[in-house]
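Participant: With my numbering, letter number 21 in the sequence shown gets 21, and the count goes up by one each step, no holes.
These are computed hints drawn from the structure, not numbers from a lab.
Predicted, not measured: the structure shown is a model, and the values here were computed from it.
Some hints could be false.
To be verified - For each label pair, taking beta carbons as the anchor points, the in silico distance ranges come out as:
#, residue 1, residue 2, range
1, 49, 4, 15 to 25 Å
2, 51, 11, 38 to 48 Å
3, 51, 23, 32 to 42 Å
4, 32, 71, 15 to 25 Å
5, 84, 4, 40 to 50 Å
6, 23, 64, 35 to 45 Å
7, 84, 27, 14 to 24 Å
8, 53, 33, 18 to 28 Å
9, 23, 54, 35 to 45 Å
10, 68, 17, 45 to 55 Å
11, 16, 54, 44 to 54 Å
12, 63, 13, 45 to 55 Å
13, 30, 71, 20 to 30 Å
For glycine and all other residues, C-beta sits at the position ideal for the given N, C-alpha and C.
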Amino acid sequence: MHRVGAAAVDGVTDSAERDRIYTDVTARASAGMTLRDYFAANAIAAVLRTPWFLHTSSQRGSSEYAPELAAECYAIADAMLRAREA
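Start from the sequences, fold in the hints, and give me the full structure.
Facilitator: Here it is in structure tokens:
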């Protein structure tokens, strides 16, 4: 989100106007994303960088297990949400 906001304020010199534009643009860009979505997105980003994923995707293609991987990332997100409540 920061990149979106930073791009929107590029060239704006008034600091109050920069803050207003940045806040508005980043809020609109992130509308609709829940905390659960955010956690799942971060989980999948981590998984995609693992040696397991790199090896597995080279062996059989990622589309074969994408639904399972997405479900697992949401399970991780759900666990993170439960941990926040504890």
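Participant: Between residue 32 and residue 71, does the beta-carbon spacing fit 15 to 25 Å?
Facilitator: Holds: the Cβ-Cβ distance is about 20 Å, inside 15 to 25 Å.
Participant: 35 to 45 Å was suggested as the range; check whether the CB atoms of residue 23 and residue 54 agree with it.
Facilitator: Since the Cβ atoms of residue 23 and residue 54 sit about 38 Å apart, the hinted range of 35 to 45 Å holds.
Participant: Per the hint of 38 to 48 Å, is the separation of the Cβ atoms of residue 51 and residue 11 within bounds?
Facilitator: At 43 Å between Cβs, range holds.
Participant: Within 44 to 54 Å or not, the Cβ separation of residue 16 and residue 54?
Facilitator: For residue 16 and residue 54 the Cβ distance comes to about 46 Å; the hint holds.
Participant: Cβ-Cβ distance between residue 30 and residue 71: within 20 to 30 Å?
Facilitator: This hint holds: roughly 23 Å between Cβ atoms.
Participant: Can you let me know if the beta-carbon spacing of residue 51 and residue 23 is within 32 to 42 Å?
Facilitator: holds (40 Å)
Participant: So does residue 84 sit 40 to 50 Å from residue 4, Cβ to Cβ?
Facilitator: violated (26 Å)
Participant: Could you say whether the range 45 to 55 Å given as a hint is met by the Cβ separation of residue 63 and residue 13?
Facilitator: holds (47 Å)
Participant: Do the beta carbons of residue 49 and residue 4 sit within 15 to 25 Å of each other?
Facilitator: holds (23 Å)
Participant: So does residue 53 sit 18 to 28 Å from residue 33, Cβ to Cβ?
Facilitator: Holds: the Cβ-Cβ distance is about 23 Å, inside 18 to 28 Å.
Participant: Do residue 23 and residue 64 keep their Cβ atoms within the hinted range of 35 to 45 Å?
Facilitator: The hinted range 35 to 45 Å holds for residue 23 and residue 64, with Cβ atoms some 42 Å apart.
Participant: Measuring from beta carbon to beta carbon, are residue 84 and residue 27 in 14 to 24 Å?
Facilitator: Roughly 22 Å apart at Cβ, these two residues keep to the hinted range, so it holds.
Hint check: a violation occurs at hint 5 only; the rest are consistent with the structure.
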